[in-house]
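Starting from the given sequences, assemble the full structure and let the hints guide the process.
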Amino acid sequence: MIQNESSNGGPPSKSGPSPEVVIVLSDRLDALERALGTVRRRGMSLKVFSLSRRDDELVLTLRGDSGSTIPDRWLAELGALVDVRQVNVAAGD
Amino acid sequence: MSAGRASGAELLRRALVNAGTRVMFGHPGGAILPFYDVLYGAPGPRHVLMRHEQGAAHAADGYARASGEVGVCVATSGPGAANLVTGLATALTDGVPMVAVTGQVPSNLMGTDAFQECDTLGITMPVTKHGFLVRRAEDIPGVVAKAFEIARSGRPGPVLIDVPKDVQFAEADVPDELASQSRARGDKAIPEKEHFAASFVDGKRTTTGAAIAAAVTRLRAAERPVLMVGRGVITSETAEEVCALAEAAKLPVVTTLLGLDAFPTTHPQCVGMPGMHGTERANQAISESDLIIGLGVRFDDRVTGKVSMFAPDAGVIHFDIDPRAHGRTIRTDVAVLGDLRETLPPFASGVSEGYEAPAAWWQRVHEWRREAGEPAAPTDGADSSGPLSGRQVARAIAEVVRRDHAIVVTDVGQHQMWLAQEVADADPCTHLTSGGLGTMGYALPAALGAAIGAPERPVWAVIGDGGFQMTLQELATVVQEGVQLRVAIVNNGALGMVRQWQMRIHGGRRVASDLGAPDFSALANAYRIRSEMVDQAGQLDMALDRAAAWPGPVVLDLRIPAADEVYPMVPAGAGLSEMWLKAPAEKAAP
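Which chain is which? The protein sequence lines are A and B, in order.
Per this note's numbering, the first sequence starts with residue 1347, numbered consecutively.
Per this note's numbering, the second sequence starts with residue 18, numbered consecutively.
Since the hints were made in silico from the structure, they are not lab data.
Check the hints yourself; a few may be wrong.
Calculated cross-link-like contacts (lysine to any residue; reagent style SDA-like; alpha-carbon spacing at most 25 Å) [what the hints assert, rightly or not]:
id, chain 1, residue 1, chain 2, residue 2
1, B, LYS221, A, ARG1419
2, B, LYS221, A, GLN1432
3, B, LYS323, A, GLY1389
4, B, LYS221, A, TRP1420
5, B, LYS323, A, ARG1419
6, B, LYS221, A, THR1415
7, B, LYS221, A, GLU1423
8, B, LYS323, A, ARG1388
9, A, LYS1393, B, ILE140
10, B, LYS221, A, PRO1417
11, B, LYS221, A, GLY1425
12, B, LYS221, A, VAL1368
13, B, LYS221, A, ARG1431
14, B, LYS323, A, TRP1420
15, A, LYS1393, B, GLY139
16, B, LYS323, A, GLU1423
17, B, LYS221, A, ALA1426
18, B, LYS221, B, VAL324
Quick look at which bits of chain B chain A covers, simulated, 3 or more residues with Cβ under 8 Å [claimed, not checked]:
id, stretch
19, 134-148
20, 339-345
These numbers come from a predicted model, not from an experiment.
A virtual CB, placed ideally from N, CA and C, is assigned to each residue, including glycine.
What follows is the structure, given as structure tokens:
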């Protein structure tokens, strides 16, 4: 589930001082590339924090700079990708 | 259980047939030859040999839009696959269901810069809904079934299947599904995902039912509502339900470029197309509205103009199946996520219980109609004598298309906008154009695909001389396939819309917009196609009638002045209320 409060129509949602996005996706290189491609195309400043395997899934954790925002539109775009199974947004450390 | 063994190529062919593929548009090459080999003597699918892979993608697109089926195109590896990119992007932007099959170099050569090798999956990733690289022949049936499911489901779009040559050669068991021609199972490699997008009201996530209830409440309180209809209505096959809703609630209706065939344009409640070259009434209605209800629209920049000036006093209700579309460009108050087939009926039943748009609002809309004069469409350049004009070409073709219940496929530029302003009461799936990506060169191959996809209807391709020269090689395909296509080249010897912008927005400095067209009649004759040149208004109707009646392909070279321009026009970056109704004299070139 996306856990952040949606703010469609308003300013981009803020996820605390250092937002963290955890994306669970199919264990496929092209799935990873496709998900990361959405970050590149939007020119977002997120960085890869970790990448791990969980059973037959990849768990990709991205972190933003302190105070950066996570656009709802990007989360919706992730949700439209076939291989993305779950997205969690939370404030980081 | 299996029903014998077959090569990956044969499994691919059978899986395509099993998914409902009757026709595919392609161009062979080394890495896809095993697949072409199994087509020899096979009962299907029918293969249409295009002259360029871009044409194959556009033809599959036109086939899909006209027939409602998934369009299929085929290309070889490397340059063949790369040439599909424009067509895939066109289909993705407009939400057209397609499956593209590409050959790939053998698995052991991948990554070695082999002959005709490229990273097809990587190149096409941003322009497809999904992509598969098939590693084992036994995966092919499931991948094909899944690709069609993805292409059709949600917001439709293109899906690519890349098949290395050795996988096409390799043998695998034939699953019972293919032997019995029943539907193949989905690919087990992609399990069902959690659907985590949601509807929302005032920024708060909620159920779709609650969002619909909120939409009903807000419409019932609205004094100046406008219904905006887009291609999603075509895709969801809800045009009749939308019309019933509009009539029950007496809502003014605007139709986007891709929704022109979703609502009858001569309906008394239709106020026309909004946006950059929309009608004055549509843009005024939006600008003064207090509630916009968008049905299957994208609210793209050509429709909204300057976002901060778009419907400044209005709330926005947006019905769409694509969660990415909600709030993407404009503030959205109520987002209803879902298929219009499911979300429209409860909304319509809630609204139609006694609600009608206030008479004062209709009085205001009618005033604009009177101010604009009847007919509502612009009348510039519509004289019936003298040199031919772009406006007259569009009006006359629109009339023939309406009379013959034909499909019209337009390219991109001035002629596209003239036709959009003139097209009248098109049936769903009969006005085809590259609305989102704006792909020049789209119309000819897409019209070919449409003619094959909907053989019961006449098809007109209307193209500028610039766009025609981008994919004109497909005339050879038209002849080879015996397609009775009418091609109208709106020939002004220039890149007309570029020229118009240079004249009106860039100080009259024309750079690289004058083409100096060739003799299109001679060119058509070289392909053994009947052709006619028209440059006088009085000759046009007869020429169109002759073309409509000719039992074979026809090319009309319709010569209009390069100085013809399309109005109304909202300059890029301006608001809808700032539209030019005619050429601003002060901005004309010296």
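Results for each hint:
Straight-line distance between C-alpha atoms of LYS221(B) and ARG1419(A) comes to about 14 Å, which keeps the hinted pair within the 25 Å bound. The suggested pairing of LYS221(B) with GLN1432(A) holds, with an alpha-carbon distance near 20 Å, which does not exceed 25 Å. Restraint check for LYS323(B) and GLY1389(A): the C-alpha separation of about 23 Å stays at or below 25 Å, so the hint holds. Annotation: proposed proximity of LYS221(B) to TRP1420(A) holds, straight-line Cα distance about 17 Å (limit 25 Å).
Restraint check for LYS323(B) and ARG1419(A): satisfied, since their Cα atoms lie roughly 20 Å apart, inside the 25 Å limit. With a C-alpha separation of about 18 Å, the suggested pair LYS221(B) and THR1415(A) falls inside the 25 Å cut-off, and the hint holds. Between LYS221(B) and GLU1423(A) the CA atoms are separated by roughly 18 Å; this keeps the pair inside 25 Å, and the hint holds. Only pairs whose Cα atoms come within 25 Å are accepted, and LYS323(B) paired with ARG1388(A) is accepted, the gap being roughly 21 Å.
Pair hint LYS1393(A) plus ILE140(B) holds up; C-alpha atoms about 23 Å apart against a cutoff of 25 Å. Proposed proximity of LYS221(B) and PRO1417(A) is supported: the alpha carbons are some 15 Å apart, at most 25 Å. Among the hinted pairs, LYS221(B) with GLY1425(A) is consistent with the structure: their alpha-carbon atoms are about 18 Å apart, no more than 25 Å. The suggested pairing of LYS221(B) with VAL1368(A) holds, with an alpha-carbon distance near 22 Å, which does not exceed 25 Å.
Taking the CA atoms of LYS221(B) and ARG1431(A), the gap is near 22 Å; set against the 25 Å cutoff, the hint holds. Proposed proximity of LYS323(B) and TRP1420(A) is supported: the alpha carbons are some 22 Å apart, at most 25 Å. A C-alpha spacing of about 21 Å is found between LYS1393(A) and GLY139(B), which places the hinted pair at or below 25 Å, so the restraint holds. Proposed proximity of LYS323(B) and GLU1423(A) is supported: the alpha carbons are some 24 Å apart, at most 25 Å.
Proximity of LYS221(B) to ALA1426(A) is assessed by CA-CA distance (about 20 Å); at most 25 Å being required, the pair is judged to hold. Distance restraint check for LYS221(B) and VAL324(B): the Cα-Cα separation of roughly 22 Å lies within the 25 Å cut-off, and the hinted pair is therefore satisfied. Counting residues of the stretch 134-148 of chain B whose CB lies closer than 8 Å to any CB of chain A gives 7, so the stated coverage by that chain holds, three being the minimum. For the stretch 339-345 of chain B, the stated coverage by chain A holds: 6 residues have a C-beta nearer than 8 Å to a C-beta of that chain, and at least 3 were required.
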